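Asks: Here are the chains, one letter per residue:
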Amino acid sequence: MTLGDFTLDVSLEVPAGGIIAVMGPNGSGKTTLLRCLAGLEPVEAGRISLAGRVADDPAEGIWVPPEQRRIGYAYQDVRLFGHLSAVENVAFGPRCRGAGRAAARRRAATALDAVEMTALARAKPARLSGGQSQRVGLARALAVKPEVLLLDEPFSATDTDVRPLLREQVRAAGASVVLVTHDPADAEDLADEVLVLEAGRIAS
Amino acid sequence: MSAAAPKMRGHTSSATPAPPGAASAPPRRREVRGRAVGGLWLPAGIGLALLVVPVIGLLQRAPWSDLPSLLGSARLRDALVISAVTSAVAAGASVLLGLPLALVLSRCEPALRRLVRVAVLLPMVLPPVVGGTALLFALGRRGLVGQWLDTTFGWSLPFSTAGVVVAATFVAMPFFVITAEAGLRSADAGLVEAARTLGARRSVAFRRVMLPQVAPSLAAGAALAWARALGEFGATITFAGNLRGRTQTLPLATFEALEAGRPAEAIALSVVLLAVSVVVLVSLRDRWLTR
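Just so you know, the sequences run in chain order E and G. In this text, residue positions in the first sequence follow the numbering used here: the first is 1, and each later residue adds one. In this text, residue positions in the second sequence follow the numbering used here: the first is 1001, and each later residue adds one.
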């Protein structure tokens, strides 16, 4: 993966249901890695397989667009839809993936409950604090029942006493997780394996 | 990767509610403002008077009690209907044709964007009479495209109601395109990405995430385009002529009334157009008046 003069050269394998933490300085390619996995950037060479299916392989001419990858993505900058309430944000994914209005709403309510955000389900994102937004963002990523979960600094603004609950939710999702974090505690507590990126390469 | 991580929220921060930017006391601006204006009052006042006095003059001469009967006359009713229909259709066409154009402008590479934008902006700065003349020679019966329209469909645009719509769209659409493009370009593309990773196809992401974001810009652009279409004079009279009941819009009827020595009619029509302008301005107040 090359962006300008930046090259990301990474090989990693997450076992089904496993959790890999990716750490490294700013600009080392952590977010780019997630974007490639999500299908927001194509790779120039190499192959991305998600849950046993090839999602991106330029040599074979294979490209699966992001909406067809079974992923959940919690963004570093959260990216809640401002015109929708918290529960509507979380219901968006299930709706797009074919659930009926009522079913999507129920699933969203359950997902919000799991991160203890039921009280603010009807609030618009502008009314939520940074930590509350992150919890809704995580619930939104989990509500699509992803096979691969991509988390970019998912707890950075979250109060430390809420973090164990969120970590538990990530574990309980049963997805293969790639967790980008600056926080060694997150990595230690959640990850089976820690990968350190430096200037687009795995440092070891 | 240069995105800054959101600020850490410590335990203590929740106890002390401190809205961002409230840390320092607001500076005392009052004296500063008074000093800044100073001697500018006189030229500023003259400038303002130039803009305001004509409107006052119009309102002061308006035949308020005769207004309903004046506007009810067949001639003015015709003009009202023609204007209402053609300006609405022109605004609609500006949105339908202008939105794809604004999307292309907001997404294409800078070199091409500059070129396309020149083409879009030209009708805004071009004298409307020139626009009308150009339309006449392009879409007239012997024009570049007009010839083809005439032989293939038997359509003739000049001096027809459809011609009024074409002239109005020509001058009005740039207002929509420019406003919509600005909205599209300032919209958050990250939200569209978020929608796509949640399972939304490109078109669904656009409809359910992009459009709600840019809806205020689109509405403002449509209102501007409509107001411009309603006021169109030069291109219309050049391209479509001044035929009562067919191409005579409110501005054309106003001009004709003055020429024919019926000032009361001209004032009545002007009051109608002024009222519409005020309504448009008020509907756009969030954009312009409160900033």
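Since the hints were derived computationally from the structure, they do not count as laboratory data. Incorrect hints may appear among the rest.
[Said to hold, decoys possible] Output of the computed footprint for chain E on chain G, the stretches with three or more beta carbons under 8 Å from beta carbons of chain E:
1) 1062 to 1073
2) 1208 to 1220
[Said to hold, decoys possible] Label-pair distances were calculated between CB atoms; the ranges are:
3) E:Gly98 / G:Leu1284: 27 to 33 Å
4) E:Ser49 / G:Arg1287: 45 to 51 Å
5) E:Pro15 / G:Pro1100: 24 to 30 Å
6) G:Arg1287 / E:Trp63: 39 to 45 Å
7) E:Glu44 / G:Ser1277: 34 to 40 Å
8) G:Gly1038 / E:Gly130: 23 to 29 Å
9) G:Ala1189 / E:Ser49: 23 to 29 Å
10) G:Val1125 / E:Gly27: 52 to 58 Å
[Stated by the list, open to error] From chain G, some residues computed to sit far from chain E (all C-beta separations above 10 Å):
11) Leu1051
12) Gly1057
13) Asp1078
14) Val1104
15) Trp1148
16) Phe1153
17) Thr1197
18) Gly1199
19) Ala1200
20) Val1204
Computed from a prediction, not measured in an experiment: that's the story for all the values here. Note that beta-carbon positions come from the ideal geometry of N, C-alpha and C, so glycine has one too.
Asks: Hints first: check each against the structure and report whether it holds.
Replies: Here is what the structure says about each hint:
1. 1062 to 1073: Coverage by chain E is violated for the segment 1062 to 1073 of chain G (0 residues, Cβ < 8 Å).
2. 1208 to 1220: holds (count 4)
3. E:Gly98 / G:Leu1284: 27 to 33 Å: Once the Cβ atoms are compared, 40 Å apart, the range 27 to 33 Å for leucine 1284 of chain G and glycine 98 of chain E is violated.
4. E:Ser49 / G:Arg1287: 45 to 51 Å: Check passed, 49 Å falls within 45 to 51 Å.
5. E:Pro15 / G:Pro1100: 24 to 30 Å: violated, 47 Å
6. G:Arg1287 / E:Trp63: 39 to 45 Å: Holds: the Cβ-Cβ distance is about 41 Å, inside 39 to 45 Å.
7. E:Glu44 / G:Ser1277: 34 to 40 Å: Violated - the Cβ-Cβ distance for glutamate 44 of chain E and serine 1277 of chain G, about 55 Å, lies outside 34 to 40 Å.
8. G:Gly1038 / E:Gly130: 23 to 29 Å: Since the Cβ atoms of glycine 1038 of chain G and glycine 130 of chain E sit about 45 Å apart, the hinted range of 23 to 29 Å is violated.
9. G:Ala1189 / E:Ser49: 23 to 29 Å: Once the Cβ atoms are compared, 27 Å apart, the range 23 to 29 Å for serine 49 of chain E and alanine 1189 of chain G holds.
10. G:Val1125 / E:Gly27: 52 to 58 Å: For glycine 27 of chain E against valine 1125 of chain G, whose Cβ atoms are near 44 Å apart, the range 52 to 58 Å is violated.
11. Leu1051: Consistent with the label, leucine 1051 of chain G stays out of reach of chain E, its closest Cβ about 37 Å off (over 10 Å).
12. Gly1057: holds, 45 Å
13. Asp1078: holds, 43 Å
14. Val1104: Consistent with the label, valine 1104 of chain G stays out of reach of chain E, its closest Cβ about 21 Å off (over 10 Å).
15. Trp1148: Per Cβ check, tryptophan 1148 of chain G is outside 10 Å of chain E; nearest 41 Å; holds.
16. Phe1153: holds, 41 Å
17. Thr1197: Not fine: 4 Å to the nearest Cβ puts threonine 1197 of chain G too close to chain E.
18. Gly1199: violated, 4 Å
19. Ala1200: The claim breaks: alanine 1200 of chain G does not keep its Cβ more than 10 Å from every Cβ of chain E (closest is about 5 Å).
20. Val1204: violated, 6 Å
Violated hints for the displayed structure, listed by number in ascending order: 1, 3, 5, 7, 8, 10, 17, 18, 19 and 20.
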